[in-house]
Structure formats: structure tokens, C-alpha cells
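Peer 1: In the working numbering, the protein residues as written are 1 to 292.
No lab work stands behind these hints: they were computed from the structure. Possibly wrong hints are sitting among the right ones.
Unchecked claim - Below, a list of computed lysine to aspartate or glutamate pairs in the EDC-like style, where the Cα atoms sit at most 16 Å apart:
| no. | residue 1 | residue 2 |
| --- | --- | --- |
| 1 | K158 | D142 |
| 2 | K64 | E92 |
| 3 | K195 | D247 |
| 4 | K41 | E230 |
| 5 | K136 | E92 |
| 6 | K83 | D114 |
| 7 | K195 | D174 |
| 8 | K243 | D142 |
Stated by the list, open to error - Restraint-style ranges between C-beta atoms, simulated for each label pair:
| no. | residue 1 | residue 2 | range |
| --- | --- | --- | --- |
| 9 | Y66 | G241 | 49 to 57 Å |
| 10 | N152 | Q179 | 47 to 55 Å |
| 11 | K229 | E85 | 52 to 60 Å |
| 12 | L51 | I226 | 36 to 44 Å |
| 13 | G102 | Y160 | 25 to 33 Å |
Every residue gets a Cβ at the ideal spot worked out from N, C-alpha and C, and that includes glycine.
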Amino acid sequence: MKIILVVPSLSGGGVERIVSRFSLEFERLGHRVKVVLLVNKVEYPHGGSILLLKSKPSSNYIFKLYNLFIRAFQLKKIFQKEKPELIYAFMESCTYASILTGFNVIVSVQNNMDTRLNRYQKRIMSFFYNFSNVKKVVAVSDGIERALHKNNIHNTVKIYNPFIFKKNITITEDLSRYQPYILTVGRLDSIKNFKMLIISYLNSKTFINAKLLIVGEGEERGNLEILIKEFNLQDRVFLIGRKLNVDDYYLQSDIFILSSLSRAKFDSKLSPDACGGHDGIVVSLLFSFIII
């Protein structure tokens, strides 16, 4: 089977890592895989070959609309040439353009639209995902699927994200200088709720006994650094930055915390286990306190 995966990039994010896994596994199973990217950023391994669109991202709404149709035009040419039997698109910057090609597509929803999108954005998503050529909307958790149904998107199927359960992992970086520590992993974005996590950590008993490590990078780094300095937490809270291999951090942590406002709990509970059978604690952070 010829499969095309459409994603903004293969760099830095959880969705991108999922596409990396899909492409590798599809290729292992004997399928012919193409990965279409909006920008030429490739950090994760991938199966098949890369195709690049000529479309620069923009924060301007007029250019966003222009880019949408340019991407749809370019994708349609690719689909016509490649004649894929399956098109799987991820994230709205790719799903909307893929839908506008008129080709049958499957779209993936990785976040809860009720917590991430405003009213206007919800209506746009509902409009696009009810097109007749959207064969399935894949939700990666119960909560995400419920939010889709609430917003009049019913052509859904729930499929949890894939994880590779590794064995006999060798630790390559000694993190004893941080231990004991609490770990969270994700893009430094407001939706990940790291500001609340830091404040909750400060007000918990855990603050005395364990450090807090945040692995990831993003536009909120500056604000988080200000918050850490404001509360004099420079020797307790550490912004580690982006790590291509987070296995070492998972394996040596004592507690893994999910603070995201929209991410699927199922994913986060499996993530540490997928890195070698972590025997610590996984906590979902809700409201404004840590339950430990």
C-alpha cells in the first residue's frame, strides 16, 4: 500500500514523534511511505522519503488563509502524482489543506479542542472535519473523542497513539546531580500548563524533597525563566531544553507529571513505560495543586 503522511515537520513535538513512529512501522510492514512536510525540519528518524512543500508559515491571518490554498494546491499535485491509497494528516495546518484537495483523507486529533480552541476555531474545525472526503477523524483518547462529538464531529474512531516498548535500555547520562526529581516532558507552550505546575510544586511538600525537571523547548521559555527567578527556584526547577532521547530522564525520575490542559492521559501514562518499564509514579496535575 502507498501511504502519505502529512505533518508540519519532524522536529521537536509529540505529534512529530508519532508520525516518525508511524512512518517507520508502516515501512517495516512493507508499505511504501512518503512524509510530506511544510518546513524542512527533520530531527526524528523516519521511514520512506520526504517531500517538502514550498509554503512558509505565517502568524498573519491573511497570509494563513493564502497559505492554506497554496498548500492545498501543492498537496493536490503531490496526491495526483503519487496516487496514495491512504492519506493521513496531522495538525490543522496540514489537515485543512489536505481536505481541500478533495482526496479521501484520515485526520488525526491529538488535543482536546474544548481546551485549546476558541469558539471561532471550533467552528472552523467542525466545518472542515464534516467534509465528505474526511473518511475518519482519529481521536487518541476518550476525552478528545467526547469533545469532538460535543462540537458536532461524529465521524470518529478512537485509536491510541503507538508506543514502542523498549527493553534493556542503557543509561547514557548520569542524572544523579538532580535526584530525586519530578519529571515532565513537553513543548514550552501555555497549553502545557507548566506555569501552574511550577506554582503547584512550590506550594507542595515535594518542593522540600525533590527537584523539578522540565524537558522541552518553546516560546514560553522566557516567561518560565522569569517565574523561576521570581520565586528564587533556580536551584530547584530546571528547564532542560529539547532532548531527542528522553529515555535517561524517564528512567532516573521518581515521579512523572502530566500538566497539559489538552493532552491525552493515556499517552502520558504510557510514555515512561515505553522507555523501559519505569517503576515510579505517574500523576495527572489538575486545577492548581499537586496531589502527592
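Peer 1: Kindly indicate which numbered hints from before are broken by the structure, ordering the numbers from low to high.
Peer 2: 3, 4, 6, 7, 8, 9
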